[in-house]
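For chain A, the structure is supplied; the task is to place chain B on it using the hints.
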Amino acid sequence: MGMKDMLLELREKALQDLQAAKDSQELQDLKVKYLGRKGPMTEILRGMGKVPAADRPKIGEVVNQVKQTLEQTIRDRAEILKEEALKAKIANEKVDITLPGRKPACGHLHPLTLTAREIKRIFIHMGFDVIEGPEIDNDYFNFEALNLPKDHPARDMQDTFYITDNYLLRTQTSGVQARTMQAHEPNTPIRMISPGAVYRNDYDATHSPMFHQVEGLVVDRDISLADLKGTLELFCREMFGDDVKIRLRPSYFPFTEPSCEVDISCVICGGKGCNVCKHSGWLEILGAGEVHPNVLKMSGYDPSIMNGYAFGMGIERIAMLKYGIDDLRLFFENDLRFIRQFR
Amino acid sequence: MLVSIEWLKKYVDFDITPEELADKLTHVGLEVESVIHLGAGISGVLTGKVTAIGRNPKSDHLWVCQMDYGSGEIVQIQTGAQNVKLGDMVPVATVGATLPNGMKLNPVKMAGLDSYGMLCSAQELGIDSKLLLPEQREGILILPPDTPVGKDIREVLGLTDTVLDIDLTANKQDCFCMTGVAREAAAVLGKKMQLPDMAVKENDGRDIAGMMKNGIEAPDLCSRFANRIITDIKIMPSPEWMQNELRAVSIRPINNVVDVTNYVMMELGQPMHAYDYDTLKDHTLIVRRAKAGEKLTTLDGKERDLTPDMIVIADTEKAVGLGGVMGGLQTEVTDKTQTVILEAATFNGPSIRHTSKALGLRSEASMRFERGVDTGHTWYALDRAVHLLEEMGACKSVKGICESCPVPFVPTVLSISPAAMNTRIGVEIPVAEMVSILRSLEFEVEEEADGSLKVTVPSWRSDVTCDADISEEIARLHSYDKIESHNPMLAMKEGREDPMETVKDGVQDYLASAGLDEVQNYTFIHPSFMDKMMLPSDDVRRKVIRLMNPISDEFSTMRTTMLPGMLATAAYNLARQAESVKIFETGRVYLPKSLPLTEHPEERQMIGAVMTGRRYDLNWTNGKDDVDFFDMKGVVEGLLESVHLTGYGLVPCTEPYMHPGKSCAVRVDGKVIGCFGCLHPTAAANFNVGEETYVLEMELAPLVKAAGTVPQYTHLAKFPGMSRDIAVVVPDTVSMKELEGVIRANAGGLLRQVRVFDVYTGRQVGKGSKSVAFNLTFRADDRTLTDAEIDAIMKTVVNNVQETYKAQLRK
Chain A
-16 MGMKDMLLEL REKALQDLQA AKDSQELQDL KVKYLGRKGP MTEILRGMGK
34 VPAADRPKIG EVVNQVKQTL EQTIRDRAEI LKEEALKAKI ANEKVDITLP
84 GRKPACGHLH PLTLTAREIK RIFIHMGFDV IEGPEIDNDY FNFEALNLPK
134 DHPARDMQDT FYITDNYLLR TQTSGVQART MQAHEPNTPI RMISPGAVYR
184 NDYDATHSPM FHQVEGLVVD RDISLADLKG TLELFCREMF GDDVKIRLRP
234 SYFPFTEPSC EVDISCVICG GKGCNVCKHS GWLEILGAGE VHPNVLKMSG
284 YDPSIMNGYA FGMGIERIAM LKYGIDDLRL FFENDLRFIR QFR
Chain B
11 MLVSIEWLKK YVDFDITPEE LADKLTHVGL EVESVIHLGA GISGVLTGKV
61 TAIGRNPKSD HLWVCQMDYG SGEIVQIQTG AQNVKLGDMV PVATVGATLP
111 NGMKLNPVKM AGLDSYGMLC SAQELGIDSK LLLPEQREGI LILPPDTPVG
161 KDIREVLGLT DTVLDIDLTA NKQDCFCMTG VAREAAAVLG KKMQLPDMAV
211 KENDGRDIAG MMKNGIEAPD LCSRFANRII TDIKIMPSPE WMQNELRAVS
261 IRPINNVVDV TNYVMMELGQ PMHAYDYDTL KDHTLIVRRA KAGEKLTTLD
311 GKERDLTPDM IVIADTEKAV GLGGVMGGLQ TEVTDKTQTV ILEAATFNGP
361 SIRHTSKALG LRSEASMRFE RGVDTGHTWY ALDRAVHLLE EMGACKSVKG
411 ICESCPVPFV PTVLSISPAA MNTRIGVEIP VAEMVSILRS LEFEVEEEAD
461 GSLKVTVPSW RSDVTCDADI SEEIARLHSY DKIESHNPML AMKEGREDPM
511 ETVKDGVQDY LASAGLDEVQ NYTFIHPSFM DKMMLPSDDV RRKVIRLMNP
561 ISDEFSTMRT TMLPGMLATA AYNLARQAES VKIFETGRVY LPKSLPLTEH
611 PEERQMIGAV MTGRRYDLNW TNGKDDVDFF DMKGVVEGLL ESVHLTGYGL
661 VPCTEPYMHP GKSCAVRVDG KVIGCFGCLH PTAAANFNVG EETYVLEMEL
711 APLVKAAGTV PQYTHLAKFP GMSRDIAVVV PDTVSMKELE GVIRANAGGL
761 LRQVRVFDVY TGRQVGKGSK SVAFNLTFRA DDRTLTDAEI DAIMKTVVNN
811 VQETYKAQLR K
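Chains A and B, in that order, give the protein sequences. Counting with the working numbering, you get residues -16 to 326 for the letters of the first sequence. Counting with the working numbering, you get residues 11 to 821 for the letters of the second sequence.
This is chain A alone, in the form it adopts within the complex (with noise of 0.2 Å):
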């Protein structure tokens, strides 16, 4: 037998053998087989010598073509067992999907700070700054600073905690009011929101002994009721979407005139009516008004220069409205069953 027909023999067999490979180690060990030092290859090859001259360019030329072959053959069969291999080993790993996963823990926020943040957000945006002020408070600055002197009638519209004839618990986040004007220089303007908790001797199933107001004032010149009216627009529609509809109804307040109340178009029935606007189609959610001219004096501002108005609601009632809550008392029961509802 040639040189030749040894070689091409010698490939069909190790074509045959390396086809029939089952794994990568088998792969590997025909590689070292056929190709190796040992291998009949180099076997083949010692018997060059024998071979004419001339002919030695032609058989060099096959062995090439042989060796490439087998190298070739060698890598598509590695690559096809790889992937064999690679789909067995997927085939085996499979996980429960259905099963829960290891969630990190992540408590909740209650909803009247997720509700109190929302409106700071929205104000905070329209240029107000945010002032705090304190719970405990005097006579003068929760109620006479606002309008409201000694056994005036408007002062039964809140029943008061009293800690001494002179120091009370605040009814009101108002007293941030005349706070937040003697704090600046006279007729300067003012752009503010006070946010807090408020408190008034009255415990049933509508009515919170401590509950939590946000207080706004703007004072410049030429504040109208309009403007008012435009500035709670933009707040509601942000609040609670582009399509509630506010209006104003006259009310009272010592310490606003004109005064009125703001409805809401109603969030749930959007107006139509139903149950929680009691088919009425419009929802309270604050009082406001222009500031009375007596606030902004007792204040050391002057009337006939500077106007303002000012506004507070009730952040339970926005939150109840927003989150469809129907029972004051859930925010300070802290039964975690309802704080982990909200985000």
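The set of hints was computed from the structure by calculation and includes no laboratory data. Just so it is clear, the structure is predicted and the values come from calculations on it, not from any experiment. Glycine included, each C-beta is placed from N, C-alpha and C at the ideal position. Worth double-checking, as some hints may not be accurate.
Stated by the list, open to error - Label pairs and their in silico Cβ distance ranges: (1) B/I46 / A/R312: 24 to 32 Å; (2) B/G461 / A/Y306: 32 to 40 Å; (3) B/K553 / A/E267: 37 to 45 Å; (4) A/R29 / B/A727: 53 to 61 Å; (5) B/L726 / A/Q2: 50 to 58 Å; (6) B/K681 / A/H262: 58 to 66 Å; (7) B/K119 / A/R312: 45 to 53 Å; (8) A/H262 / B/R556: 44 to 52 Å; (9) A/T171 / B/I46: 31 to 39 Å; (10) A/A166 / B/T664: 38 to 46 Å; (11) A/R312 / B/A727: 52 to 60 Å; (12) A/R100 / B/K681: 26 to 34 Å.
To be verified - Sample of chain B residues at the chain A side, in silico, Cβ under 10 Å: (13) T179; (14) A180; (15) S361; (16) I362; (17) H364; (18) R434; (19) C476; (20) D479; (21) L526; (22) P606.
For chain B alone, coordinates are given in the frame of chain A:
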């Protein structure tokens, strides 16, 4: 305030529905809370006469009545009530009738006999029994004997009327009466309000001047005091129409004199009082301050202790009434009264308010004086009352009014700039419309040459004192609905908040992300919580601010620590089967500088947290371990890291409510800012939480300063680090900090990090010892380290640790 539509129509004529009127009134500031249709649900109830009555022989309580209710036949109806007599006139619910409770009448058999209908009690007709005469409250409602047979009961009892329930704001004292509401209604409807007839006959023949005297000794408390005298009084029930109207507005009819004083108060807003002329010494009424120690028995039979800031009406001998609040018992009008002095006065509102609060005595009269009555119409009330009684044929009247008026009423006159009104409202309302609005409310308006308006405020509008008040009158009648939204044109500026608030938000976010739920507790707590916290009697937190008028002890003292409220909340949730309670709260504690309070207390912002129960939610990948000290410590470390606070130390905690071996205090700049750890088992038991309950309480302010730190970038390491593990067995009294100190002291400058990755106590290391495994990371900034140099360092470290603690090396 309740307003009867039928009554209202006496003063203003309208034909819109009560609901339409309610809507219009609400839009001008008289908020109608509800529209109540009296007699709603009643049909087929007629007046009937008992023509025969006898017992049902088979029953021990049923009566068989033969009723005539105008149907042309006598109908048999049984009743279980015991107050029906032959000839009585009663309400009969006929077969097919309906009642307010939804009941529909069918023929029934009772104790063997037929019954075709039902005799009704007041309650069954939906009438509040408080509004009835005492004799009408029990059993079947017995109607006056002259009531015609077969009439619809709703007409007889005034139940065809509709009542508006108005939530009157404190400034609308003028609308605390029918004519006041009528005036608003007239202005809204473009009509004119008619005052009622006040003509008096003065047919007694005598002049009041010869019969009585009055005077005011305290003009600051009473600006006007006026009386009329009526004689030959016949005390009797007032006519049905008046009783019905009073009942419609929730006032109980009593007798003609009392009813008329109430009626006039409801009609004109002027509270009145009636004295028995013959009980007054010297027929004199003096308005004065009460004397110290003076006593008066009021109409309700209670003896009252008076103080000099109270107004009394007195004769020449004794106090006979608490001016504006309640009359005296001794001078009350009774069945025997022959002659009556009627009183109408203007008392000082704040004084009345003070008196009624001090005595816990609020009356329809005091509520009106508190807000202010119409001092311009004092005489009208006297005349109207006499007119009504004369109309009933109940009296004669004496000529004239006896009056003291040391402070004559001067109307408020305001000069108003129409432009300023429009600026305030934000709408262009023409001057002519402003004038017409004000005149519709009976303000007098004159247009001045300079364009301003001279506005004279009517006597019943004492709430109107400045131009802002006028702007409200204009705005509300013009309609708030016509105010177009406008955005204020203000200089651009950024909104800012107190950095403390920003940090608080960050703290809340961090704690929530660490798995804690936020709670908000009442800031007032039960004083016994301080005992539960085992605070010694001299602990500063026992200096609590107490409320004078708390809802209950439970809510009576302002908290000086966050923990009691939070522990109560934890217990509340544990009692509701919470597997774990991991909660936090940010809020204030209230620390008085002195007690009783003479200045504002410190309201210190605090962070509190409580963790107890399972570490993780029950889940197949998690263990069932409970939280321990290191859970809380990790939260605290993470929290402080989140606000860039690194320079803090942990020192032993001495709080009595903490477990001394499992707690520590956090110290910043030499000052303890809070503490955390395991609750003392006794405190845990006191609060009904488990022994393994971990708490944190810390001040917020110290976190604010560090939170402002802006992190500064440091270059990333260019060369790889090298890490080595070492495990040593040391006495278990050796703290980790100590051990780490020895390692660091001997590891040289290449040591970058020391981490504990295992702590073991148990059989394998023997009693009194623990095995601690560290991972040490070395790195140089300028080269790659070699094994040889690190091996050398490790050898030094190991040798020194062994030597220091006689420690063994673990493999």
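Results of checking the hints against the structure:
1. B/I46 / A/R312: 24 to 32 Å: 29 Å, holds
2. B/G461 / A/Y306: 32 to 40 Å: 53 Å, violated
3. B/K553 / A/E267: 37 to 45 Å: 41 Å, holds
4. A/R29 / B/A727: 53 to 61 Å: Hint holds: Cβ distance 57 Å, inside 53 to 61 Å.
5. B/L726 / A/Q2: 50 to 58 Å: Given a distance of about 51 Å, which is inside 50 to 58 Å, the answer is holds.
6. B/K681 / A/H262: 58 to 66 Å: Since the Cβ atoms of B/K681 and A/H262 sit about 59 Å apart, the hinted range of 58 to 66 Å holds.
7. B/K119 / A/R312: 45 to 53 Å: 50 Å, holds
8. A/H262 / B/R556: 44 to 52 Å: For B/R556 against A/H262, whose Cβ atoms are near 45 Å apart, the range 44 to 52 Å holds.
9. A/T171 / B/I46: 31 to 39 Å: 51 Å, violated
10. A/A166 / B/T664: 38 to 46 Å: The hint (38 to 46 Å, Cβ to Cβ) holds, given that A/A166 and B/T664 are roughly 40 Å apart.
11. A/R312 / B/A727: 52 to 60 Å: 57 Å, holds
12. A/R100 / B/K681: 26 to 34 Å: Since A/R100 and B/K681 have Cβ atoms about 31 Å apart, the given range 26 to 34 Å holds.
13. T179: With a minimum Cβ separation of about 3 Å from chain A (threshold 10 Å), the hint on B/T179 holds.
14. A180: Hint on B/A180: holds, closest Cβ of chain A at ~4 Å, below 10 Å.
15. S361: 8 Å, holds
16. I362: Nearest chain A Cβ about 9 Å off; hint holds.
17. H364: 5 Å, holds
18. R434: 6 Å, holds
19. C476: Result: holds, 6 Å to nearest chain A Cβ.
20. D479: 6 Å, holds
21. L526: Holds, because the Cβ-Cβ distance from B/L526 to chain A comes to roughly 4 Å (cut-off 10 Å).
22. P606: 5 Å, holds
Hints 2 and 9 from the list above are not met by this structure, while the remaining hints are.
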